[in-house]
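So the protein lines, in turn, are chains G and C. Residue numbers for the first sequence follow our numbering, beginning at 1 and rising by one. Residue numbers for the second sequence follow our numbering, beginning at 1 and rising by one.
None of these hints come from the bench; they were simulated from the model. Given the structure is predicted, the values throughout are model-derived calculations rather than measurements. It is possible that part of the hints are untrue.
No farther apart than 25 Å at their CA atoms in a straight line, the calculated lysine-lysine pairs in the DSS-like style are these [stated by the list, open to error]: (1) C:LYS80 to C:LYS218; (2) C:LYS71 to G:LYS36; (3) C:LYS235 to G:LYS101; (4) G:LYS36 to G:LYS103; (5) G:LYS101 to C:LYS208; (6) G:LYS196 to G:LYS103; (7) G:LYS36 to C:LYS80; (8) G:LYS103 to C:LYS231; (9) G:LYS101 to G:LYS196; (10) C:LYS300 to G:LYS101; (11) C:LYS300 to C:LYS235; (12) C:LYS231 to G:LYS101; (13) C:LYS235 to G:LYS103; (14) C:LYS231 to G:LYS153; (15) C:LYS231 to C:LYS175.
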Amino acid sequence: MTRAASLAVGAGSDHTMDEAALIRAAQQGDSGAFEKLVQNYDQSVLRLAMNLLRSPEDASDVYQEAFLRVYRNLHTFRFDCSFHTWLYRIVTNLCLDHLRKQKVRKQESVTVETEEGPLDRLANLPDDRAAMDPQRTVLSQEVRDRVVRVLDKLTPRERLVFEMRHYQGMRLRAIGDALGTSEEAAKNCLFRATQKMRAALGDLA
Amino acid sequence: MTCDTARQLLPLLLYGELAFDDEESLEQHLAICASCRTACEQESRFHANLDRFEASVPPGLLAQNRRMLMKSVALETEMKAHPPIWKRVANWLTDPPLALKPVGAMAMLALGFGIARWQPSAELLPATVGASVANPSIARVRYVSNEPSGRVKVAFDEVRPREVEGAIDDESIRKILLAAAKDPMDPGIRVESIDLLKAHTDDEDVRKALLNALQGDKNSGVRLKALEGLKPYAKDVETRRVLRQVLMVDDNPAVRARAIDLLVENREPETAGVLQELLRKSHEDEYIRARCQRALSDMKASMGTF
């Protein structure tokens, strides 16, 4: 890592300044700075991809492709927007592509046939919170299929906005920036998504 | 505010995404309307219930992705520092050094003048050959003959650059892409052709081209692209046969790792055998060994052969 980047990371008082120094160092070919930059964001990127695509392989594809695109195009980043917004534009585009492909291929069936009988793909997803409470586990098993089926019925954009707002806690303005649309359009998307989910899963209240 | 409007705004209230005025009006309404307050509590429970369905990231996936990413970055950096000759030549031609640009421009001008000066006049050319093909690339001369008039007649096949445009569903475009996927001269063209074709594996010819590329292409980038395209056919018998073969003979760890991923989607006994064999052979590649061990453990198969 370059001296400027090390100092910036060491100081730790101003996140934005740290990040700007890291980006500049990475733009000059400092791979340590690039790695640190990735590590600032990659957990939330992987979590978003995992939530949306519900497949570790697909989530890994999005992770790898997104950060390789960042690496290849970092020299074009001119600080016109935040790095977070720039990164999420890449990530959301990749996720939308994957979601659209999944819809076309109808790969989203909850159960898949295997030689050992039907296998519940969702049952393989770890749910640490539910595992701590047996009653919750039973409940989760029963309703998880329904929740996923309803999520699948949302359009890719509604799905993405819902996941980013509900599970990632991103503000609608940031979501709009990432998707290249207005805050109002993102709000409408979230509104439609919650209406559809409420209509189909009202009894979960 | 009416009860209908209030209930529509409840989800946005819970997300903290209402405009200041709307939030004020809604809170005033909730203060005086018991049924909307109940609806708000229900909405809040529904909201909290959805939290439980967030998928967790499997342990180790983040670390594995970080390792793979940094490997790819190191590879790209290396490629950038020492690009293959064909790429260096292409870069030099498309973006020559600044000092050479005026020289290049002058050379182009001189070439233009030269060609204009030396181009044979139309009356010297045979009637059937137009001026636009005065300088053809000759693929094959079919025959030559001495005409009674004293002139010479030559029949030849000519290669000319052409540009076509169309949808990928167009049969002629697809045929060109299938040919480009086998172009031995340029791995870049092969990668891009396979990348375009891989979304159309419902076409038998495309699937065969991907299988051929996976088995025989010298470039690992092309093989990885072909693997991506074959993902939906991980259950297909022929695809699985090729994947098993690739797993044993391919020299690229990334290709082998992806082949393992596709193969273990179907837990068939042959796969366990191949993985055990691979485990026995690949002493140096820790990563592949770990992948094999994990896949075998998932399949509840033993690590060794007996």
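Outcome of the hint check:
no. : hint                 : verdict
1   : C:LYS80 to C:LYS218  : holds, 20 Å
2   : C:LYS71 to G:LYS36   : holds, 15 Å
3   : C:LYS235 to G:LYS101 : holds, 18 Å
4   : G:LYS36 to G:LYS103  : violated, 35 Å
5   : G:LYS101 to C:LYS208 : holds, 22 Å
6   : G:LYS196 to G:LYS103 : holds, 18 Å
7   : G:LYS36 to C:LYS80   : holds, 21 Å
8   : G:LYS103 to C:LYS231 : holds, 15 Å
9   : G:LYS101 to G:LYS196 : holds, 22 Å
10  : C:LYS300 to G:LYS101 : violated, 32 Å
11  : C:LYS300 to C:LYS235 : holds, 20 Å
12  : C:LYS231 to G:LYS101 : holds, 12 Å
13  : C:LYS235 to G:LYS103 : holds, 19 Å
14  : C:LYS231 to G:LYS153 : holds, 24 Å
15  : C:LYS231 to C:LYS175 : holds, 22 Å
In this structure, the hints that do not hold are numbers 4 and 10, in rising order.
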